[in-house]
Amino acid sequence: MLLDTLELTTDEFEAVTGWAAEPEGMCKGDICVPAPDTVTADGHLDVEAVASRLGMALVADPEHGIWALGPESGGQALSTAVAPELELPDADGNPFKLSSLHGRKVLLVAWASW
Amino acid sequence: MWQALHAQLESAAVTVVTVALDVDPEKARPWIEAAAPTHPSLIDSEHRIDELFGISNVPMAVWINETGTIVRNAEAAALEPSKYAAIEITDDFPESIRAVLTEMKQLPDIGEAYRAAIIDWAERGMDSRFALDPDEVIRRSRPRPVEHSRAAACFEIGRHLHEQGHGQAAIPWWKQAHRLFPDNWTYKRQAWTLASTPDGADSDKAQEVHDVYGTSWSEAFVQTGGANYTVVPNL
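Residue numbers (the numbering used here), protein chains in the order written: chain G, 92 to 205; chain R, 118 to 352.
Derived from the structure by calculation, the hints contain no laboratory data. Possibly wrong hints are sitting among the right ones.
[As the list claims (entries may be wrong)] Covered stretches of chain R (chain G as the covering partner; in silico rule of three or more C-beta atoms under 8 Å from a C-beta of chain G): (1) 173-184; (2) 197-207; (3) 216-224; (4) 337-349.
[Claimed, not checked] Ranges of calculated distance between the beta carbons of each label pair, as one might list FRET restraints: (5) G/Thr171 - R/Ala203: 15 to 23 Å; (6) G/Pro186 - R/His283: 36 to 44 Å; (7) R/Glu280 - G/Gln167: 26 to 34 Å; (8) R/Gly342 - G/Gly120: 21 to 29 Å; (9) R/Ser213 - G/Lys188: 18 to 26 Å; (10) G/Asp137 - R/Lys200: 41 to 49 Å; (11) R/Thr207 - G/Gly120: 31 to 39 Å; (12) G/Gly120 - R/Ile206: 50 to 58 Å; (13) R/Ala130 - G/Asp183: 22 to 30 Å.
[To be verified] One side of the interface only, derived from the structure: several residues of chain R facing chain G at Cβ under 7 Å: (14) Met118; (15) Trp119; (16) Ala121; (17) Gln125; (18) Val134; (19) Val136; (20) Leu138; (21) Trp148; (22) Arg241; (23) Ala248; (24) Arg267; (25) Ala269; (26) Ala270; (27) Val329.
Backbone N, C-alpha and C fix where the C-beta goes; we use that ideal spot for every residue, glycine too.
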């Protein structure tokens with residue numbers, strides 16, 4: 092995901108990544124990763140330190156003033172077989188949530204014009 | 118093809134969801150309109166399903182059951198026999214074409230078996246031997262080193278720059294993504310397509326890609342080999 096600043100509050104980081112700052116550390120679903128000394132008194136996050144803890148690559152493009160945060164790494168691509176939530180637009184920009192299909196089998200097919 | 122399958126299996130409570138990995142959504146539109154799908158037809162310009170579901174090439178598919186559990190990992194997806202199996206390669210084909218066709222014949226020719234597996238799952242659910250239990254799904258998922266995370270981040274920066282009209286600035290970021298995650302063909306094929314000359318232009322498309330990226334799809338495909346190009350379904 093793209094960031095135009097590393098000055099993020101814990102709420103902003105959670106909104107972007109799904110990882111919440113809890114007493115136990117950074118938590119997402121059932122998983123918590125210790126992340127001591129990464130939250131400041133005013134509720135901001137040391138994004139570089141937290142990204143490192145979570146195995147999320149943080150890549151800077153200083154020329155354009157942006158950063159990109161990669162997905163979590165380490166272990167296997169799937170730590171659970173529970174399908175992640177996925178919300179994507181259709182060709183007209185209307186959003187669609189994969190979870191809206193609970194109750195049906197889903198065959199998710201990746202293709203491209205190329 | 119996928120629309121026909123969706124129509125066939127809709128009464129068996131199977132929904133096909135197609136996801137176009139197109140940085141430029143408008144490139145996918147003509148194909149979507151031609152298919153006139155009644156199923157969800159989505160656009161993933163950020164290639165998020167690569168990291169979320171282990172997609173590394175197209176076409177690939179993932180199976181998800183009624184409870185939202187993945188029951189089959191991302192694998193090459195086809196519903197029909199390979200068109201290349203029957204092609205006879207003769208000496209009067211140019212060498213470059215011969216090389217590509219030879220490797221095309223090594224691509225997994227699994228369309229009929231994969232279609233049959235989907236139908237078996239549609240009819241039998243988790244009793245189907247093709248529906249895997251969670252531990253097996255996790256075991257079959259690929260390792261995810263930090264290089265893959267970095268590749269995704271670099272690809273995203275490139276995508277953003279391309280979307281903002283800075284196509285040239287995107288190129289070094291996409292090159293980095295290719296170096297960091299060489300098995301991810303969606304990053305490569307997407308970038309190479311955007312380096313091609315416009316339709317109707319005089320210059321050779323493959324040469325333009327070669328000039329920018331030092332390779333082309335056909336060169337990289339022959340080098341990798343058809344047998345290694347995608348994730349062969351383990352049926």
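Which hints from the list above does the structure break, by number from lowest to highest?
2, 3, 4, 5, 6, 8, 9, 10, 11, 14, 16, 17, 22, 23, 27
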